[in-house]
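Residue numbers (my numbering), protein chains in the order written: chain U, 1 to 490; chain R, 1 to 485; chain F, 1 to 95.
Please keep in mind that the hints were generated in silico from the structure rather than gathered at the bench.
Keep in mind the model is a prediction, meaning the values are calculated, not measured.
Mixed in with the good hints there might be a few duds.
According to the in silico footprint, chain R covers these stretches of chain F (three or more CB under 8 angstroms from chain R) [stated by the list, open to error]:
(1) 32 to 44
(2) 49 to 57
(3) 72 to 84
(4) 88 to 94
Going by beta-carbon spacing under 8 angstroms, a handful of chain U positions derived as facing chain R [unchecked claim]:
(5) G56
(6) P58
(7) P97
(8) I105
(9) D109
(10) K139
(11) L141
(12) H142
(13) R234
(14) S235
(15) P293
(16) L409
(17) A412
(18) R424
(19) G425
We treat Cβ as the ideally placed atom computed from N, Cα and C, and that holds for glycine.
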Amino acid sequence: MKNSSTTVTEAEAHDFEPVIGLEVHVELKTKSKMFCGCRNEFGAEPNTWVCPVCLGMPGSLPVINRVAVEYLCKAGFALGCDVAPFSKFDRKNYFYPDMPKNYQISQYDMPLTTGGGITLPSGKRIRLNRIHLEEDTGKNLHAGGAMSGSDYTLIDYNRAGVPLMEIVSEPDISSSDEAEAYLAELKAILSYIGVSDVKMHEGSLRCDANVSVRPRGTTALGTKTEVKNMNSFRSVGRAINREIARQSERLAAGERIVQETRGWDEGKGATYSMRSKEEAHDYRYFPEPDLVPLALEADMLARWRAELPELPDARRKRFAQQFGLSEYDAQVLTAERSDADFYEATAAACDDPKQAANWLMGDVRRALQSAGLTTLAQSPMTAAQLGELIRLVKTGAITGKAGKEVCDLLVAQGGDPKVIVAERGLGAVTDTAEIATMVDQAIAANQKSVDAYKSGKANAFDFIVGQVMKVSRGKANVEIVRALIKERLG
Amino acid sequence: MLTGHEIRDRIARRETSALEVAKRSIDAVAASEPELRAYLTLTPEYALARAAEIDARIARGEDCGTLAGVPVAIKDLFCTQGVRTTSGSKILANFVPPYSATVVAKLEAAGAVMIGKTNMDEFAMGSSCENSGFHPTRNPWDPSRVPGGSSGGSASTVGARGVPIAVGTDTGGSIREPASFCNIVGVKPTYGRVSRYGMIAFASSLDQAGPMTADVRDAAIVLEAIAGHDPMDSTSVDVPVPHYADALREDLKGVKIGIVREFESSIGGDAAMSALYKEAYASLVRLGAELVEVSLPHAKYGLATYYLIAPAECSSNLARYDGARYGVRVDGDGDVYQMFERTRAAGFGPEVKRRIVLGTYALCSGYYDAYYVRAQKVRTLMKQDFDTAFAACDVIACPAVSCPPFALGAKSDPVAMYLMDYFTIPMSLAGIAAMSVPAGYVDGLPVGLQIAAPAFEEGRMLGVAHAYEQSTRFAWARAPKVGAA
Amino acid sequence: MTDVPIDIAHVAKLARIALTDDESAAFTAQFAKLFDYIEELQALDVTHVSATAQVIPIMNVMRDDMIRDCLDRAAALANAPETSGPYFKVPRILE
Chain U
1 MKNSSTTVTE AEAHDFEPVI GLEVHVELKT KSKMFCGCRN EFGAEPNTWV CPVCLGMPGS
61 LPVINRVAVE YLCKAGFALG CDVAPFSKFD RKNYFYPDMP KNYQISQYDM PLTTGGGITL
121 PSGKRIRLNR IHLEEDTGKN LHAGGAMSGS DYTLIDYNRA GVPLMEIVSE PDISSSDEAE
181 AYLAELKAIL SYIGVSDVKM HEGSLRCDAN VSVRPRGTTA LGTKTEVKNM NSFRSVGRAI
241 NREIARQSER LAAGERIVQE TRGWDEGKGA TYSMRSKEEA HDYRYFPEPD LVPLALEADM
301 LARWRAELPE LPDARRKRFA QQFGLSEYDA QVLTAERSDA DFYEATAAAC DDPKQAANWL
361 MGDVRRALQS AGLTTLAQSP MTAAQLGELI RLVKTGAITG KAGKEVCDLL VAQGGDPKVI
421 VAERGLGAVT DTAEIATMVD QAIAANQKSV DAYKSGKANA FDFIVGQVMK VSRGKANVEI
481 VRALIKERLG
Chain R
1 MLTGHEIRDR IARRETSALE VAKRSIDAVA ASEPELRAYL TLTPEYALAR AAEIDARIAR
61 GEDCGTLAGV PVAIKDLFCT QGVRTTSGSK ILANFVPPYS ATVVAKLEAA GAVMIGKTNM
121 DEFAMGSSCE NSGFHPTRNP WDPSRVPGGS SGGSASTVGA RGVPIAVGTD TGGSIREPAS
181 FCNIVGVKPT YGRVSRYGMI AFASSLDQAG PMTADVRDAA IVLEAIAGHD PMDSTSVDVP
241 VPHYADALRE DLKGVKIGIV REFESSIGGD AAMSALYKEA YASLVRLGAE LVEVSLPHAK
301 YGLATYYLIA PAECSSNLAR YDGARYGVRV DGDGDVYQMF ERTRAAGFGP EVKRRIVLGT
361 YALCSGYYDA YYVRAQKVRT LMKQDFDTAF AACDVIACPA VSCPPFALGA KSDPVAMYLM
421 DYFTIPMSLA GIAAMSVPAG YVDGLPVGLQ IAAPAFEEGR MLGVAHAYEQ STRFAWARAP
481 KVGAA
Chain F
1 MTDVPIDIAH VAKLARIALT DDESAAFTAQ FAKLFDYIEE LQALDVTHVS ATAQVIPIMN
61 VMRDDMIRDC LDRAAALANA PETSGPYFKV PRILE
């Protein structure tokens with residue numbers, strides 16, 4: 001089995017270029033479902049958030065959730081899309097046990113938005129084709145965990161009817177790296193505007209990839225396959241690479257690519273055909289007769305657009321400019337909106353954006369790890385508290401070393417830094433007279449070093465400084481120590 | 001048995017009690033059921049309990065609604081919480097809904113007392129009640145004949161005066177045709193006037209619930225009780241519900257009544273029917289109306305248009321009946337799809353299967369534009385025909401049916417059965433209001449007059465029907481063969 | 001008599017109904033007359049006619065994002081032909 005570096009070379013070896021489009025399904029974070037008032041909640045006990053509508057019981061009827069429409073429009077604005085002046089829902093008809101009505105209410109030829117795009121960090125723009133709204137299906141569980149070999153299937157309809165946004169890109173993506181970058185940027189934007197949890201491992205973000213190859217430099221599209229069943233961004237990248245390699249090998253050997261759906265097997269690192277022995281689906285789309293069309297009012301759209309927060313890219317740029325941060329630092333600090341908010345608040349609290357950045361990316365990150373936390377949001381520490389800590393260190397009230405200790409405590413438990421310092425006696429020694437005593441002590445105890453310094457050895461000075469710090473158990477204000485030694489020794 | 005409003009008034013005046021009335025209804029139905037078989041589920045205990053409760057509340061001086069104590073029969077496609085609801089199909093033979101249709105809830109709020117769930121053509125597909133998955137229902141005027149369909153059970157029991165009022169549904173004529181066959185009043189409201197929530201769907205863009213009653217006043221009262229916007233139905237319209245009884249008039253002075261050229265030409269082929277309708281129009285004139293000739297040039301395409309749109313929608317609406325979540329399941333070997341196929345083959349009758357096949361085909365890739373879309377365009381033309389016609393008249397009067405009630409088994413060819421809807425389909429496709437009111441007899445069998453009005457003009461329509469009814473008094477006749485006084 | 005253009009076996013498969021050969025043959029015969037009427041529609045000029053999307057002229061019907069009472073699980077499962085614990089149970093799905 002080839003590893004990913006040689007499979008990419010497979011395409012290059014035959015002078016093929018990959019053409020990739022992504023279809024991303026995003027569960028919207030509304031309180032209730034798309035067409036009924038059942039709670040929209042991940043991980044609940046099976047079949048507890050269901051009603052006649054989302055169970056598709058006889059006589060039930062759907063009613064559109066206004067906030068789902070709002071969230072999709074906001075996503076559309078954030079992604080530079082055009083909201084359609086007239087939009088409608090259609091039925092997509094097929095039989096499957098996780099679909100209570102054996103049709104899915106979706107949008108076919110008049111989606112809510114068209115156009116738009118995402119700019120990758122490299123500067124390349126990936127265009128979007130459309131974004132539409134539909135309802136999610138229930139979940140099938142197969143006895144024994146795997147579909148094959150089980151006698152029966154169990155179904156949980158909690159997820160049936162959850163609002164789903166489908167974002168379809170144009171086939172502008174040219175590599176697995178670009179695909180992963182696209183997903184990362186999309187996730188950042190959607191989480192910034194707060195419309196979804198966008199967690200692939202919880203299923204609130206799902207991705208299918210349409211992959212084809214063509215001779216380098218040509219424009220006609222080759223036959224594509226749809227690759228499904230990837231459970232992380234890395235997984236998407238790996239699957240895309242494998243599929244590019246598979247298609248390149250086939251075409252190079254003179255075979256044709258079959259247009260089909262292929263599943264990604266993470267364990268085997270390969271795609272497998274999901275085509276069953278029956279024909280392809282004929283979805284028989286027709287306008288949903290139980291719903292009426294949408295022609296959203298301009299003022300409402302304007303209000304939604306105005307409610308958008310600063311988007312990740314704009315925030316990154318502003319951080320770099322306003323706070324003098326490097327591109328890399330700005331990227332890290334804006335990865336999550338809550339982190340970016342925290343950073344700005346900290347910078348304001350200690351009046352030092354550079355320090356705030358250093359602390360967050362350095363000691364705070366380390367402290368999170370030791371506390372066993374993965375995100376800043378999980379820590380009880382507030383921006384005000386961190387800001388205060390930074391000021392204490394800046395003014396020399398505590399040493400850097402003591403600061404690290406306080407940081408660990410804050411991240412784990414929160415608290416008032418001044419109180420922690422006082423309780424643990426971490427305050428720096430700043431009393432000149434006290435320090436002078438220690439300096440005199442050290443000078444007296446280290447005559448050799450004093451002589452070495454006086455005869456030109458600069459690091460002897462640092463040695464003496466170190467001795468004073470030792471005596472003070474790290475609490476002496478190091479600037480004052482240096483100043484006093486200099487005073488004494490010249 | 002009296003009309004619904006007479007019963008309500010007597011109860012209100014304490015001349016009788018709701019319990020007395022319920023008992024009489026239960027007994028009358030029990031007496032005629034062996035022959036008529038109008039019901040699929042009878043709910044006597046429920047009815048007696050409800051009636052007793054209403055009596056108690058009346059005794060306390062409470063207002064129990066415009067239908068307080070009036071027995072009502074409910075077509076078995078309205079979900080009734082805790083009471084079996086089958087839509088006339090074996091595939092739902094054991095389905096007990098955990099919720100009630102809005103129409104049912106409104107009837108209860110108005111004080112009506114449900115006597116039972118009535119028989120119907122399976123999933124509302126049919127014009128004779130012979131397509132019921134369980135058994136046919138018979139016409140109280142001649143039990144060898146059909147009561148019409150799909151709301152045959154409701155028509156039969158009201159025709160026999162087992163109950164004075166019932167609710168049915170009309171998709172292509174399923175209230176008006178049986179009303180005509182059983183000598184009762186049947187109203188198909190404007191599409192969107194009455195909520196469809198909890199009403200088992202056949203064709204979503206056509207289905208409407210409506211009253212089937214002893215007289216026009218009853219229809220006005222029941223319609224007012226069940227009409228209105230429902231937030232659970234996106235297609236229900238937010239238009240105020242008038243007090244329809246105010247619109248009931250005694251004469252037709254100043255009313256312009258449209259007579260449809262194409263329909264008159266059609267019915268002209270049958271001497272007896274033609275004569276009956278001519279007499280009906282003459283009655284309208286005697287009441288002071290002015291007749292105006294109007295044209296519905298696309299009416300002849302109604303059948304084809306309807307039999308593409310309705311099956312297409314129903315093929316999708318009935319996909320949910322697969323034995324997975326509710327209803328009947330046929331066990332056996334194989335995978336879940338084989339279970340679906342077996343269950344649906346066993347659970348659906350031949351007419352339902354025919355329409356699902358036809359409808360699925362009309363939506364198939366490659367055929368969708370030629371069939372479904374084209375039919376929806378012709379539908380627009382038919383709607384425009386009515387807009388033009390109503391510019392020249394206030395209401396339209398025309399035949400409801402092409403013949404009096406026929407014998408069971410007489411129309412075995414499905415398309416011959418489809419033709420029963422010829423006069424009623426255009427109004428359904430246009431979504432306007434239409435109704436049938438008793439208009440006399442041919443060979444001793446009832447025939448109804450259809451009156452149609454523009455969208456949301458039910459008041460106007462009921463007004464005309466009331467004047468006609470009061471002057472001709474056909475509704476007063478009792479079915480000779482079956483039924484309690 | 002117009003030819004009935006439907007491939008009934010194919011359509012029955014899409015509709016997930018196991019039709020017998022007799023039923024398929026009967027349907028073909030029964031549809032024939034109907035297709036005479038349906039073919040008449042083809043002759044109409046509908047080039048400038050828009051399809052009726054909705055017979056009632058309303059738009060933008062939506063509801064607030066509020067949680068309503070759900071069914072309790074027992075009620076949700078009560079009509080199921082087969083259940084297993086909190087789940088609906090159906091025969092296996094083959095892919």
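* Hint by hint, which ones does the structure fall short of? -> Hints 8, 9, 10, 11, 12, 13, 14, 15, 16, 17, 18, 19 are the ones this structure does not satisfy, whereas the remaining hints hold.
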